[in-house]
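Visitor: Guided by the hints, dock chain B onto chain A, whose structure is given.
There are 2 protein chains.
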Amino acid sequence: MSVGAETPCPEAFVALAERLADAAGAVVRPYFRQPIDVAQKPDQSPVTIADREAESAMRALIAAAYPEHGMVGEEHGAERSSAEYVWILDPIDGTKRFISGHPQFGTLIGLLHNGAPILGVIDMPMMGERWIGAAGRSTTHGHADGTGPSRVRSCADVGHAVLYATSPHMFPGDDFQSFERVRRRARQPMYGGECYAYGLLASGFVDLVVEATMGVYDYLPLVPVVVGAGGTITDWQGAALGLGSDGRVIAAGDRRCHTAALDLLKASG
Amino acid sequence: MSVGAETPCPEAFVALAERLADAAGAVVRPYFRQPIDVAQKPDQSPVTIADREAESAMRALIAAAYPEHGMVGEEHGAERSSAEYVWILDPIDGTKRFISGHPQFGTLIGLLHNGAPILGVIDMPMMGERWIGAAGRSTTHGHADGTGPSRVRSCADVGHAVLYATSPHMFPGDDFQSFERVRRRARQPMYGGECYAYGLLASGFVDLVVEATMGVYDYLPLVPVVVGAGGTITDWQGAALGLGSDGRVIAAGDRRCHTAALDLLKASG
Numbered sequence: 004m005s006v007g008a009e010t011p012c013p014e015a016f017v018a019l020a021e022r023l024a025d026a027a028g029a030v031v032r033p034y035f036r037q038p039i040d041v042a043q044k045p046d047q048s049p050v051t052i053a054d055r056e057a058e059s060a061m062r063a064l065i066a067a068a069y070p071e072h073g074m075v076g077e078e079h080g081a082e083r084s085s086a087e088y089v090w091i092l093d094p095i096d097g098t099k100r101f102i103s104g105h106p107q108f109g110t111l112i113g114l115l116h117n118g119a120p121i122l123g124v125i126d127m128p129m130m131g132e133r134w135i136g137a138a139g140r141s142t143t144h145g146h147a148d149g150t151g152p153s154r155v156r157s158c159a160d161v162g163h164a165v166l167y168a169t170s171p172h173m174f175p176g177d178d179f180q181s182f183e184r185v186r187r188r189a190r191q192p193m194y195g196g197e198c199y200a201y202g203l204l205a206s207g208f209v210d211l212v213v214e215a216t217m218g219v220y221d222y223l224p225l226v227p228v229v230v231g232a233g234g235t236i237t238d239w240q241g242a243a244l245g246l247g248s249d250g251r252v253i254a255a256g257d258r259r260c261h262t263a264a265l266d267l268l269k270a271s272g
Numbered sequence: 004m005s006v007g008a009e010t011p012c013p014e015a016f017v018a019l020a021e022r023l024a025d026a027a028g029a030v031v032r033p034y035f036r037q038p039i040d041v042a043q044k045p046d047q048s049p050v051t052i053a054d055r056e057a058e059s060a061m062r063a064l065i066a067a068a069y070p071e072h073g074m075v076g077e078e079h080g081a082e083r084s085s086a087e088y089v090w091i092l093d094p095i096d097g098t099k100r101f102i103s104g105h106p107q108f109g110t111l112i113g114l115l116h117n118g119a120p121i122l123g124v125i126d127m128p129m130m131g132e133r134w135i136g137a138a139g140r141s142t143t144h145g146h147a148d149g150t151g152p153s154r155v156r157s158c159a160d161v162g163h164a165v166l167y168a169t170s171p172h173m174f175p176g177d178d179f180q181s182f183e184r185v186r187r188r189a190r191q192p193m194y195g196g197e198c199y200a201y202g203l204l205a206s207g208f209v210d211l212v213v214e215a216t217m218g219v220y221d222y223l224p225l226v227p228v229v230v231g232a233g234g235t236i237t238d239w240q241g242a243a244l245g246l247g248s249d250g251r252v253i254a255a256g257d258r259r260c261h262t263a264a265l266d267l268l269k270a271s272g
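Taken in sequence, the protein lines are chains A and B. Take the first sequence: its position 93, counting from 1, is numbered 96 in our numbering, and each next residue is one higher. Take the second sequence: its position 161, counting from 1, is numbered 164 in our numbering, and each next residue is one higher.
No lab work stands behind these hints, which were simulated from the structure alone. Treat the hints loosely; a few may be bogus.
Computed footprint of chain A on chain B; a stretch qualifies when at least three of its residues, placed anywhere within it, have a C-beta under 8 Å from a C-beta of chain A [claimed, not checked]:
hint	segment
1	98-104
2	195-202
To spell it out: a stretch of chain A is covered by chain B in this simulated footprint if at least three of its residues, at any positions, have a beta carbon under 8 Å from a beta carbon of chain B; those stretches are [stated by the list, open to error]:
hint	segment
3	34-40
4	105-117
5	166-175
Nothing here was measured: the structure is a model prediction, and the numbers come from that model. Built from N, CA and C at the ideal position, the CB exists for glycine as well.
Extracted from the complex, chain A is given alone in its bound form (with noise of 0.2 Å):
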């Protein structure tokens, strides 16, 4: 299956998010488990130059290649966000693991196409892996020994799942005792995934990752990552993800453990 195969994502864009990923990754590895200043961003979460200076960088290429395209990143805002062409762009998605010397961090570079995402890029820097999803292809992962095709693997049913979230804590109110139904029924519950947990789900060993408060810059990136190998990515009412989705998520690589994880996180009590 590939993403929205009506419309094929030009090659020039994803050879774009590509150097878009290295430009990235040249820019944060320096940095990484050097002595570097934190701050704290207005919701508490923590950023570095680091993430300030890899998002310029992936800034100043778009410009320059596309200067009519708009972007939305984390660190440096919107321009041009009406404009038919959006990138977005989060240059550390796992600024905390960063921080704290652990390789678990990615840079994700989305695309899209009249605000529906149309190209995804989850980089892992320090890790070595990377994957793309785009419309019409499927999605690849590169890491140490090469590229190949990217696929989710089928598991029927929530009791069968490898779950991931990122933490506990991630569940605001009652969204917390919804996801606490999914991890009570999940075979293998497992915590601290940011976004490498998406790509293990998009690779096939991972089955399932619910999560909640997210920021746009965070889930659409993994949109056609997801969709492009094949399995299904929504907000927890099962609707597509956009701009305007409430930063709740559910991904699944079989369609039938979404649909059964969907049940739960909308049943009551």
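Guide: Same frame as chain A, but now just chain B:
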């Protein structure tokens, strides 16, 4: 600070520990992300042929070099466990990560001399990192760029601490509320660490690790790594860890943080 500097660990044992880690990694790596049968052990934890073969490879090397030494391994049990020297072997710490295609799993190797840990290795075969702690020398950290010293950082209080625990579900009964007192106070609580969190602590990126329901294979190899880097690792009463400990573990880079976290663990209500 070094581990029990009055009785240095013989260098030949350190060299053997490195060969054990090399051998375990050579067994495990080809199984990573390949189809593999997963069996459930009596405690419901998963085990694979990779765990078993890696431990067998290590046991064969020990038996060839020091047939009089004892061995206690997670998968193949105890032999001569009352010997003067006893090796503690966990071929794959983090088997759940391993079977979910996640490279954050480690081989743990410890050596007890008359019951006291004098040598410990945390080896991450897919992440290319290795911490070695041994009595009479300082902890080292090997990684892609070479091998260097591993030193804890200062952190005066839990309120400033980056805290790791593998999962909030590892704390049975009242232990969960004890953990929660520490977690709520910590500046940055993180999940999903497994043995890697102790390596990051030894290298000064993480301040505190609080865990429970750990086996001797999980915690004894960590002791020389943490202590030899200048840190403190005990049970939740502040007592030294040994074969008879209860599986509750607290490690801190800074002794002040250790004391403050112990007080929170012991507080009532």
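Visitor: Now look at each hint and say whether the structure bears it out.
Guide: Hint by hint, here is what the structure shows:
Residue count for the segment 98-104 of chain B with a Cβ under 8 Å from a Cβ of chain A: 5. That meets the three needed, and the coverage hint holds. Here's how the segment 195-202 of chain B fares: 3 of its residues keep a CB closer than 8 Å to some CB of chain A, so the rule of at least three is met and the hint holds. Counting residues of the segment 34-40 of chain A whose C-beta sits closer than 8 Å to any C-beta of chain B gives 1, which falls short of three, so the coverage hint is violated. Counting residues of the segment 105-117 of chain A whose beta carbon lies closer than 8 Å to any beta carbon of chain B gives 3, which meets the minimum of three for the stated coverage.
Residues of the segment 166-175 of chain A with a Cβ under 8 Å from some Cβ of chain B number 5, which satisfies the need for three, so the listed coverage holds.
The earlier numbered hint that this structure contradicts is number 3, and it is the only one.
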